[in-house]
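Model the full assembly from the supplied sequences, consistent with the hints where possible.
Here's the letter readout for the chains.
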Amino acid sequence: MTLHIIPEQLAMLHQHAEEGFPHEVVGILAGSREDWSVTEVVPLTNERADSAHNRYKVSGLLLMRAEQELESRGLEVVGYYHSHPDHPSQYSDYDRDHALPNMSYVIVSVMSGRAATTQSWRLTDDRSRMDEEELHSL
Amino acid sequence: MSVSVMIPTALRSYAEGNASITCSGSTVGEALASLTEQHPGLAKHLRTADGKLRSFVNVYLGEEDIRYMDGEATPVAEGATLTIVPSIAGGAR
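Here the protein sequences come in this chain order: E and C.
The first sequence begins at 1 in the working numbering and counts up one residue at a time.
The second sequence begins at 1001 in the working numbering and counts up one residue at a time.
If you are wondering where the hints come from, they were derived from the structure by calculation, not from laboratory data.
None of these values were measured; they are calculated from a predicted model.
Among the clues, some could well be false.
[Claimed, not checked] Have a look at the derived ranges for each label pair, beta carbon to beta carbon:
#	chain 1	residue 1	chain 2	residue 2	range
1	E	L62	C	E1016	26 to 36 Å
2	E	R127	C	G1079	29 to 39 Å
3	C	S1055	E	T39	22 to 32 Å
4	C	K1044	E	Q90	22 to 32 Å
5	E	A11	C	N1018	15 to 25 Å
6	E	R73	C	K1044	45 to 55 Å
7	C	E1037	E	R127	13 to 23 Å
8	E	T45	C	S1020	37 to 47 Å
9	C	S1024	E	M111	46 to 56 Å
10	C	A1073	E	E134	43 to 53 Å
11	E	H53	C	M1069	27 to 37 Å
12	E	Q15	C	E1016	32 to 42 Å
Positions of the beta carbon are idealized from the N, C-alpha and C atoms, including for glycine.
In structure tokens, the structure reads:
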């Protein structure tokens, strides 16, 4: 599987991650599930104020309202993104434990305040790991 | 009791693509058991190995989070709607 994201939106995602540093930021990847493309990134508020440097959370109702607003505009949720401040863009066990299937999880590593590597991951059916998928931005 | 359970986008492929499944049961727990009997592939994403609902799985009866009612023992009426609402969480370490 390849996740396609238009360059302007990838730049916005990186900007969000850098502005949020040293905290983790989170948002929705919206677009089309048919061709697995992202045409809009939607920043959300990280509710984990208690441990925002290494955790993120968005509660169900807030997420549902954001997703309903996107769906009302004909967009589908393709996945979610979050940042890893001063940490690689490899998923953590905690990420895997909390991941939903059939969604792309883009992780951007932000080193000393600058977006470094960006990778996209998909949870396997048996939840044992996340496989990297190609991230295409052209 | 016949109860509708709304399935979020991420899990629909384990429910033959359906957004809503008709289940039976007199409590939330029974309705969810009916759901996973019909669609066993959903179980591992809804529950941990010890059978608890995963922390990111929220279940609403109408507009109410069952955590603030009687959890899975919450009674459901004929024709009620249960909605599975995932939250998202994660983090570096």
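### Message
So, against the hints stated earlier in the document, which numbers end up violated here?
### Response
5, 6 and 8
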